[in-house]
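Trainee: Letter by letter, the chains look like this.
Protein chains: 2
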Amino acid sequence: MKGLLTRCRALPALATCSHQLSQYAPQRFHHCAPGRGKRLMLSRMFQPQKLREDQVLSLEGRSGDLTCKSQRLMLQMGLIHPASPGCYHLLPYTVRAMEKLVRVIDQEMQTIGGQKVNMPSLSPAELWRATKRWDSMGRELLRLRDRHGKEYCLGPTHEEAITALVASQKTLSYKQLPFLLYQVTRKFRDEPRPRFGLLRGREFYMKDMYTFDSSPEAAQLTYSLVCDAYSSLFNRLGLRCIKVQADVGSIGGMVSHEFQLPVDVGEDRLVVCPSCHFSANMETLDSSRTNCPACQGPLTKTKGIEVGHTFYLGTKYSSIFNAQFINVHGKPSLAEMGCYGLGVTRILAAAIEVLSTEDCVRWPGLLAPYQVCLIPPKKGSKEEAAAELAGHLYNHITEAVPQLQGEVLLDDRTHLTIGNRLKDANKLGYPFVIIAAKRALDDPAHFEVWCQNTGEVVFLTREGVLELLSQVQVV
Amino acid sequence: MKGLLTRCRALPALATCSHQLSQYAPQRFHHCAPGRGKRLMLSRMFQPQKLREDQVLSLEGRSGDLTCKSQRLMLQMGLIHPASPGCYHLLPYTVRAMEKLVRVIDQEMQTIGGQKVNMPSLSPAELWRATKRWDSMGRELLRLRDRHGKEYCLGPTHEEAITALVASQKTLSYKQLPFLLYQVTRKFRDEPRPRFGLLRGREFYMKDMYTFDSSPEAAQLTYSLVCDAYSSLFNRLGLRCIKVQADVGSIGGMVSHEFQLPVDVGEDRLVVCPSCHFSANMETLDSSRTNCPACQGPLTKTKGIEVGHTFYLGTKYSSIFNAQFINVHGKPSLAEMGCYGLGVTRILAAAIEVLSTEDCVRWPGLLAPYQVCLIPPKKGSKEEAAAELAGHLYNHITEAVPQLQGEVLLDDRTHLTIGNRLKDANKLGYPFVIIAAKRALDDPAHFEVWCQNTGEVVFLTREGVLELLSQVQVV
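As you go down the protein sequences, you meet chains F and E in turn.
Heads up: the first sequence at position 317 corresponds to 317 in our numbering, and the numbers run straight through without jumps.
Heads up: the second sequence at position 446 corresponds to 446 in our numbering, and the numbers run straight through without jumps.
Be a bit skeptical, because a hint or two may be false.
To be clear about the criterion: a stretch of chain F counts as covered by chain E if any three or more of its residues have a C-beta under 8 Å from a C-beta of chain E, and this derived list gives those stretches [claimed, not checked]:
1. 88 to 97
2. 112 to 120
3. 140 to 148
4. 170 to 179
5. 184 to 195
What the hints contain is simulated information worked out from the structure, not anything from laboratory work.
The model shown is predicted, which means the values in this text are computed figures rather than measured ones.
Note that CB positions come from ideal geometry on N, CA and C, so glycine has one too.
The whole structure should be built from the sequences, with the hints applied where relevant.
Mentor: Listed below in structure tokens is the structure:
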């Protein structure tokens, strides 16, 4: 340790520690983005697994709170770990899935002209007092004071902040509009009763977009555009989503829609008209209503998880902060605003809730943390000779299918039987599980491929495996 | 608007709004990740520019606080905007640069086996009481209570949280170690006097890694490995960085080093020995010392910005939270820990501080928000015919050099002269500025290419431009 303390090197002197590095080499590449010889080894993952239900319950500390399938599965499979009520550590598999989801969201938002910003969590009280939400948001706001006594809340949403920011730009022209500004950041809400794991937490990731237009008509077009981008997102994830009319709540504005994933554990009660496609959150309708307001036909009831929410705000916020632009006549004019939220961590949990079985996690293909799990034979078994073939196959996949670099995991726990490891792989929901067993010793070698999202099992040669995997979409 | 309110569609019914979309098409692709016909237009960027110094001062509210070049330039160029003392909105260019920096950090951390996690900002007081840091961190901790009166701080660092998380895994084996767990998240520190813009803020992004090893020897190797990854990172960014011995401060532990960028505005005072490569933060030495503790030679003084900090912690935290593993003898044993921070937003600002001139931002090539700015001729000028060639060149670049998709900006403000737009481009520091002017009308067309990071200006044919740009590294 003394060497570390006293020997310091200028940057180019990296060579001085090369002998240390080479000693360390066998351990160096546990979780690298792999190329040849750098394989992702399952045994080295920080990913506590196979907790029994009672162990999971004791994690949460309160036995009544394990209230839905996605929460139980995510705890059992080591995808999340409780930190405090409504706050979770996201473990490595979940971080990978979330980063993929954020990339899909970025693509969709940037396709419609979205520009990404990043606003602080510490939000000064004076902004919230200006809109009267410092009082009206009540105990949902987490509040604090800094060392000088200045008051802040932790932003649950950022209408105030973004409008003040845009208002500070004094020379905006109608020619520059619309602006579609968004961020993907942590949000905070002091839920009275956090529950359902990531579905209703106190600290969570949200994508929030705010749009600024030069007229109500232009703002309506932007509103449609963002809604269509949301639909496109859920389509790409393979999640059936219903867009329903919704209450504007504390955000305000004139028009609002929610994007809902229909599922029984959902906390929102929805009505859908099978005849005319009317659909609404029941809180927007008279509770005695049983027929469709549009076509008078009977309404079908369902429950949903709100994964997105859109608002046409008009000038509610721009008038308070004086967010103006110079219009076509050279006069200052208030911006017409919209705001649009996607629950990022909530979408992850909701997708797991919708797609999984009681015991096995399933992911939207695009979001699976790893696309492929490769299982070599058990050490000491009759098929042990196939282990080398599994290693070769790993290299072939990552070389022949570049988008799968970093996506293939080798289940090197070869003290376990293939069956036990297949069971784990089934629980974790890798889209493709490839087993090198007895038939890998045939000529040509055949690998057993479990396509977990379709339920198919096929035996394929190396070329067959590569052809199949070259079709996989990775974001 | 009524249509939006009452017409809701199931997902496949996207066709219903296609006429709206086609009306909107001319505006649809302002900032898209471009392909053919989808160009990034500079005029549509949310990026307030060309503020005068007095306007920038009034942004910060307190005239004495514009204390360094990077802060002034980032405010003037619309890279950041103040939200509250020590808290900044990151505007689109900065978000792009930061996301690139995070990708480089991810690559370096994952190459040495790092696994990415994500821990909440809300950190329960009981964790901090266990290590006595609830008191010892004093007023630097931002503290709050939830609606039930439970106390939290906003995490400035996460030794407590990660150690408690690892301690909760009861079945760790020495075979699984080392674990290198890291996150890139916002951190909070209630600085008595936030200043220097992103260099010393109250809310900032940090990469923090925590390592768990089975022996002091293994922990030392891990320590070297992470330090080498840091050196590799700064090398790739083209930033000269000095590793100096450092004080362990409130983190604690036995060994600590800082990674410092030498620059006059830096708040750390360093000594370096030109003869034997000893270097240290002066706070680790007796203040009267003028000669090198290692070789007794004279010491050179310099100032630096701390961009990274590493600590070998031993069992300081693992003993408190009982973070154990099963050792080779089947007995429980405390994990040997290290922790390692990189100031993400600080590295961005420090790089700008070091690389920029008084008036012009310069970025590490790898982190430049956009690699290329293309300037077509002024509308109504003699060279106006070259505008079409500039458009074609845009398409050729993004088709022939796939890594530059999303990296080329067209300065479509053709009411301005080429000279004025070149001046702006110079200020914003795009690595490559390409001008289509008079010589673009030659046969073959020649484009004027300003390589802003090397200071070269060359005239190149289309093929020459593509060859030059195909060398550009993009992360």
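Trainee: None of the hints should be skipped; say for each whether it holds.
Mentor: Taking the hints in turn, this is what the structure says about them:
Coverage of the stretch 88 to 97 of chain F by chain E holds. Counting CB-CB distances below 8 Å, 8 residues qualify, and the rule asks for three or more. Closer than 8 Å: that is the beta-carbon criterion, and the stretch 112 to 120 of chain F has 9 residues meeting it against chain E, so the requirement of 3 holds. Only when three residues or more bring their CB closer than 8 Å to a CB of chain E does the claim for the stretch 140 to 148 of chain F stand; here the count is 5, and the claim holds. Against chain E, the stretch 170 to 179 of chain F contributes 5 residues with a C-beta closer than 8 Å to a partner C-beta. That satisfies the three-residue criterion, and the hint holds.
A stretch counts as covered by a chain when three or more of its residues have a beta carbon under 8 Å from one of that chain; for the stretch 184 to 195 of chain F and chain E the count is 5, and the coverage holds.
In terms of the numbered hints stated before, the structure departs from none.
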